[in-house]
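Every letter in the sequence shown is one number past the one before it in the working numbering, and letter 115, counting from 1, is 126.
Simulated from the structure, these hints should not be mistaken for lab results.
Note that the structure is predicted; figures quoted are calculated from it, not measured.
Watch out, some of these pointers could steer you wrong.
What the hints assert, rightly or not - Label-pair ranges, simulated between beta-carbon atoms:
| # | residue 1 | residue 2 | range |
| --- | --- | --- | --- |
| 1 | 43 | 117 | 40 to 50 Å |
| 2 | 94 | 32 | 45 to 55 Å |
| 3 | 118 | 44 | 42 to 52 Å |
| 4 | 32 | 114 | 23 to 33 Å |
| 5 | 31 | 118 | 49 to 59 Å |
As the list claims (entries may be wrong) - Simulated crosslink set (SDA-like; lysine to any residue; CA at most 25 Å straight-line):
| # | residue 1 | residue 2 |
| --- | --- | --- |
| 6 | 118 | 91 |
| 7 | 82 | 93 |
| 8 | 61 | 41 |
| 9 | 54 | 20 |
| 10 | 61 | 90 |
| 11 | 61 | 40 |
| 12 | 54 | 94 |
| 13 | 54 | 33 |
The beta-carbon is built from N, C-alpha and C at its ideal position, and this holds for glycine as well.
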Amino acid sequence: MIGFGEAAIAFYVPVFISFMVFNTMTGGVACILALAAYFLWTKQVNEYWKSQGVPGPTPNFFFGNFLQMQKGFHLYDIENARKYGPIYGGSVLGFRELNVCDVEMIKRIFIQEFPAFPERVVGSLFFIFVALQILPLTLLFCQKFHTAILVQHPPCKKNEKGEGNSVH
Numbered sequence: 012m013i014g015f016g017e018a019a020i021a022f023y024v025p026v027f028i029s030f031m032v033f034n035t036m037t038g039g040v041a042c043i044l045a046l047a048a049y050f051l052w053t054k055q056v057n058e059y060w061k062s063q064g065v066p067g068p069t070p071n072f073f074f075g076n077f078l079q080m081q082k083g084f085h086l087y088d089i090e091n092a093r094k095y096g097p098i099y100g101g102s103v104l105g106f107r108e109l110n111v112c113d114v115e116m117i118k119r120i121f122i123q124e125f126p127a128f129p130e131r132v133v134g135s136l137f138f139i140f141v142a143l144q145i146l147p148l149t150l151l152f153c154q155k156f157h158t159a160i161l162v163q164h165p166p167c168k169k170n171e172k173g174e175g176n177s178v179h
């Protein structure tokens, strides 16, 4: 499965080469063929879950369901779980995703059926967002800790010769 970036490169490289090597007519034909291939690929990715009988929100042609996630991933998941049930499909920037919101099903996937799901994404974006939310608190804590250390152990005072004195 190729992603959005790989699809863009697969489009631009043949078009660029055809315009550099061949005449404008051949480059134009290559451009039209590449656009048609990209259109078919995007259509196939966006309609995959519908063809499999899995319910889900209607994706945007170029971005999939990515634009619907602007209000927040958790709100997107809650809204779609209520609307389509605990298991629903979607696509994000050229990648198909199956969202599972049922706790028992998640336990079964991660414990009993673990080897059967080789391409699991265990909320990597979730961990990034948690890290970004914790980072300011960590920096604030470190700053307060550093200030407390400096109050208890001030830096060495220098004597007339410019040498540090370890005795305070």
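Tell me the numbers of any earlier hints that the structure contravenes, in ascending order.
4, 8, 11, 13
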